[in-house]
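Residue numbers (my numbering), protein chains in the order written: chain E, 1 to 427; chain P, 1 to 427.
Hints are supplied without guarantee of correctness; some may be wrong.
Note that identical chains are pooled: a pair holds if it fits in a single copy or bridges any two copies.
[Said to hold, decoys possible] No more than 25 Å apart at the CA atoms, straight line, and that leaves these computed lysine-lysine pairs for DSS-like:
| id | residue 1 | residue 2 |
| --- | --- | --- |
| 1 | Lys52 | Lys41 |
| 2 | Lys180 | Lys52 |
| 3 | Lys120 | Lys6 |
| 4 | Lys328 | Lys186 |
| 5 | Lys120 | Lys180 |
| 6 | Lys31 | Lys52 |
| 7 | Lys344 | Lys334 |
Calculated directly from the structure, the hints in this document are not laboratory data.
What follows is each chain in one-letter form.
There are 2 protein chains.
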Amino acid sequence: MEAELKEMLNDLDSLKQSLPDPSNLASSILKLQSRVEHLTKLAKSAPVRRTKVQDMSAEVVDSNPYSRLMALQRMGIVDNYERIRDFSVAIVGIGGVGSVAAEMLTRCGIGRLLLYDYDKVELANMNRLFFRPEQVGMTKTDAASQTLSDINPDVVLESFTLNITTVQGFETFMSSLRNKSFRPNKGSGVDLVLSCVDNYEARMAVNQACNELNQTWMESGVSEDAVSGHIQLLIPGETACFACAPPLVVASGVDERTLKREGVCAASLPTTMGVVAGLLVQNTLKLLLQFGQVSPYLGYNSLKDFFPTMEMRPNPQCSNAACLERQKEYLLVKPARDAAIIAKMEAEALSVPEGPLHTDNEWNISVVDDSEPERTDATSSDALPDGLTRELPAADEFQKFPAAEPATATFDDIEELRKQLDALNAD
Amino acid sequence: MEAELKEMLNDLDSLKQSLPDPSNLASSILKLQSRVEHLTKLAKSAPVRRTKVQDMSAEVVDSNPYSRLMALQRMGIVDNYERIRDFSVAIVGIGGVGSVAAEMLTRCGIGRLLLYDYDKVELANMNRLFFRPEQVGMTKTDAASQTLSDINPDVVLESFTLNITTVQGFETFMSSLRNKSFRPNKGSGVDLVLSCVDNYEARMAVNQACNELNQTWMESGVSEDAVSGHIQLLIPGETACFACAPPLVVASGVDERTLKREGVCAASLPTTMGVVAGLLVQNTLKLLLQFGQVSPYLGYNSLKDFFPTMEMRPNPQCSNAACLERQKEYLLVKPARDAAIIAKMEAEALSVPEGPLHTDNEWNISVVDDSEPERTDATSSDALPDGLTRELPAADEFQKFPAAEPATATFDDIEELRKQLDALNAD
Chain E
1 MEAELKEMLN DLDSLKQSLP DPSNLASSIL KLQSRVEHLT KLAKSAPVRR
51 TKVQDMSAEV VDSNPYSRLM ALQRMGIVDN YERIRDFSVA IVGIGGVGSV
101 AAEMLTRCGI GRLLLYDYDK VELANMNRLF FRPEQVGMTK TDAASQTLSD
151 INPDVVLESF TLNITTVQGF ETFMSSLRNK SFRPNKGSGV DLVLSCVDNY
201 EARMAVNQAC NELNQTWMES GVSEDAVSGH IQLLIPGETA CFACAPPLVV
251 ASGVDERTLK REGVCAASLP TTMGVVAGLL VQNTLKLLLQ FGQVSPYLGY
301 NSLKDFFPTM EMRPNPQCSN AACLERQKEY LLVKPARDAA IIAKMEAEAL
351 SVPEGPLHTD NEWNISVVDD SEPERTDATS SDALPDGLTR ELPAADEFQK
401 FPAAEPATAT FDDIEELRKQ LDALNAD
Chain P
1 MEAELKEMLN DLDSLKQSLP DPSNLASSIL KLQSRVEHLT KLAKSAPVRR
51 TKVQDMSAEV VDSNPYSRLM ALQRMGIVDN YERIRDFSVA IVGIGGVGSV
101 AAEMLTRCGI GRLLLYDYDK VELANMNRLF FRPEQVGMTK TDAASQTLSD
151 INPDVVLESF TLNITTVQGF ETFMSSLRNK SFRPNKGSGV DLVLSCVDNY
201 EARMAVNQAC NELNQTWMES GVSEDAVSGH IQLLIPGETA CFACAPPLVV
251 ASGVDERTLK REGVCAASLP TTMGVVAGLL VQNTLKLLLQ FGQVSPYLGY
301 NSLKDFFPTM EMRPNPQCSN AACLERQKEY LLVKPARDAA IIAKMEAEAL
351 SVPEGPLHTD NEWNISVVDD SEPERTDATS SDALPDGLTR ELPAADEFQK
401 FPAAEPATAT FDDIEELRKQ LDALNAD
């Protein structure tokens with residue numbers, strides 16, 4: 001609108017100069033000019049966008065959009081909050097959960113967001129957070145990009161208006177996840193994929209892509225009656241994939257979207273979707289910034305405020321070939337990884353002092369123990385204090401025999417899995 | 001802007017008519033006119049506000065903002081969703097939790113929202129949901145009213161830019177809660193108060209107001225390290241009030257707001273606040289629309305995804321005089337209320353058929369039992385089936401002796417409370 005008004009001012013100027021007798025008309029035109037100038041000011045004052053911020057500051061001033069996030073460091077929750085700018089997160093499905101998840105990550109100052117959806121904003125979406133009535137008719141990706149870039153211009157936004165369940169859509173989805181231009185030195189294109197779709201087919205497409213790319217992802221969902229939901233962490237090969245334990249009943253061969261259009265629709269609530277999005281992004285932050293415990297599965301039963309958790313191991317009979325590949329790879333690296341974890345835990349157990357040297361230690365002074373580096377060495381495994389026993393063999397044993405079975409509770413599963421893999425390899 | 005453009009068109013018209021020689025200038029002016037007409041269209045199309053809706057429709061069309069909410073009825077979750085339009089909810093504190101709670105209730109189509117805050121929007125608030133950078137400098141109540149009325153013009157919004165901890169602010173707060181103009185036939189001015197404030201003093205002010213008005217309310221809070229929060233239901237006299245079990249440590253005599261301005265601020269996250277707001281409004285919906293179980297207290301430990309619950313009974317030694325008054329009143333009505341609940345439960349237990357008459361009952365036909373009305377009568381207390389025993393005395397016994405002590409687990413508390421009340425009355 002600003003360009004339009006500027007042109008109008010130019011026109012009025014030339015109009016004034018072309019007048020044969022300016023006495024009568026000049027005042028009218030001057031009046032018009034001042035009115036247009038006023039309009040220009042009005043148009044300029046409406047969309048104030050904040051400028052980009054070079055570095056995240058912890059300074060406590062009202063004008064700092066990151067002060068309350070950087071305070072997480074001072075509070076001892078995260079080691080280095082600013083690392084969030086290095087991460088890329090892909091969100092598939094910008095509906096009731098995905099849009100709120102995108103807004104949360106944007107406000108947290110995530111480095112880069114990739115958004116995928118093919119749908120348009122409708123008035124029927126207004127019972128959930130994020131989209132506004134004036135965005136009706138826009139694609140969800142366009143509307144989201146508009147709102148999110150206004151909220152935080154520091155976030156790199158890439159949006160894809162496509163359906164990942166089509167052949168071409170899936171290919172574009174795959175190549176966008178592989179694209180390493182944001183951080184060329186990183187192993188993968190994105191750090192995490194969040195699935196916020198509302199149907200089985202799309203979940204299976206995300207599952208397929210993530211299994212093929214060995215990409216960690218989180219699944220989310222809300223029930224058709226709107227009163228329960230869940231989130232789930234999926235690490236290819238290490239946890240169950242979405243095909244390892246599929247839902248018991250799936251409408252096969254029926255387009256769920258068409259089904260909903262025929263006079264029947266699922267219920268939805270901004271509360272349930274807001275809670276699910278909050279739990280999803282909270283676990284995303286815990287995973288990326290390494291604090292707290294990431295839930296492998298977390299349910300939300302809103303009628304009883306009950307939050308079930310569980311862990312799901314991969315199914316050695318999974319129908320997804322890429323999942324079986326990842327399971328095979330995981331089995332090869334697991335012993336060394338377990339050993340490293342055990343060694344770290346042992347080192348931590350050893351380095352805990354038996355009691356404070358001084359009960360009143362206002363300045364938090366501690367004595368540097370010269371013997372500590374040796375204690376944390378994973379190979380010096382004889383130094384266990386009284387009362388501690390090893391549940392798993394020591395690290396050096398794993399290093400000598402990388403394929404040895406650790407004596408854990410998962411022994412049976414691994415045995416079974418090996419049989420499955422042998423059978424598969426024999427094919 | 002529209003009025004301004006209209007005037008401009010009129011001016012151009014008169015300008016055209018006053019021209020001595022229209023040949024040269026007429027085309028320029030026509031061009032100007034068409035440009036202004038285009039601007040007028042642009043200005044009209046930008047802020048598309050949907051029109052008010054007379055009745056909530058369950059029709060499944062993209063243009064119906066309530067279809068997904070009305071579907072809660074078809075799904076069997078709520079009996080009558082449209083009742084939500086009869087309810088008034090007051091939200092005190094329009095910050096990270098309060099603003100999201102207000103948006104959720106607005107999108108759910110709540111009848112009337114009362115908003116209270118004295119603060120202004122700052123860039124430092126941008127790490128939480130709801131407020132946008134272009135609203136910086138506006139009062140939170142004005143910014144919220146603007147956004148919420150755009151989202152859902154059906155909701156009656158009343159906003160109060162005041163501090164409830166000042167004498168005048170508290171008085172205005174009290175009289176606004178008493179105002180019954182929204183639904184003159186209702187017993188109270190509002191159905192629920194949601195406390196979304198960030199300091200002890202403001203919570204105590206809400207507590208005082210609700211105890212005095214015998215007003216049910218819900219408390220919410222988020223920890224200073226941003227990784228945990230809680231919600232709590234407070235029914236004066238029936239549950240603990242905020243003064244019954246105050247926090248162990250409170251900064252006395254120090255303005256918490258000033259404290260935060262001095263270079264140190266609490267951390268905050270859109271995730272934790274979004275989850276707390278979601279749980280708060282979900283429990284609000286359960287309470288108002290009578291479905292599911294309303295949690296008396298629900299905590300959220302985000303580091304472990306742990307959600308502790310508990311119940312808190314009133315403290316007979318509470319320092320709040322209005323709380324003690326409500327406790328006294330509650331003790332008088334409790335026996336009759338318990339009896340009614342027991343009678344209802346008994347009636348329900350009796351009306352459960354021993355087995356389905358027809359295992360396949362596609363049309364959900366049931367036989368009307370003529371003896372049922374008599375069975376639900378609270379006075380016919382002899383009709384207990386085998387295997388059911390009464391834990392509380394029957395209803396008629398309460399009616400004869402309204403002050404009799406029911407033989408429940410709370411007996412000791414009531415005995416103690418009575419002593420307290422006697423002591424108070426003796427003063």
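How the hints compare with the structure:
For a Cα distance limit of 25 Å, the shortest separation of Lys52 from Lys41 inside one copy, 22 Å, qualifies, whereas the shortest one across copies, 32 Å, does not. In this assembly of identical chains, Lys180 and Lys52 lie within 25 Å of each other by CA distance solely inside one copy; the values are 23 Å within and 48 Å between copies. When the C-alpha separation of Lys120 and Lys6 is checked against a cutoff of 25 Å, the pair qualifies neither within a copy, at 33 Å, nor between copies, at 34 Å. Taking the shortest alpha-carbon separations for Lys328 and Lys186, only the intra-copy value of 24 Å comes in at or below 25 Å, while the best inter-copy value is 67 Å.
Taking the shortest alpha-carbon separations for Lys120 and Lys180, neither the intra-copy value of 29 Å nor the inter-copy value of 41 Å comes in at or below 25 Å. In this assembly of identical chains, Lys31 and Lys52 lie within 25 Å of each other by CA distance neither inside one copy nor across copies; the values are 37 Å within and 38 Å between. Taking the closest pair of Cα atoms, Lys344 and Lys334 come within 25 Å of each other only inside a single copy of the chain (15 Å); across copies the shortest separation is 58 Å, beyond that limit.
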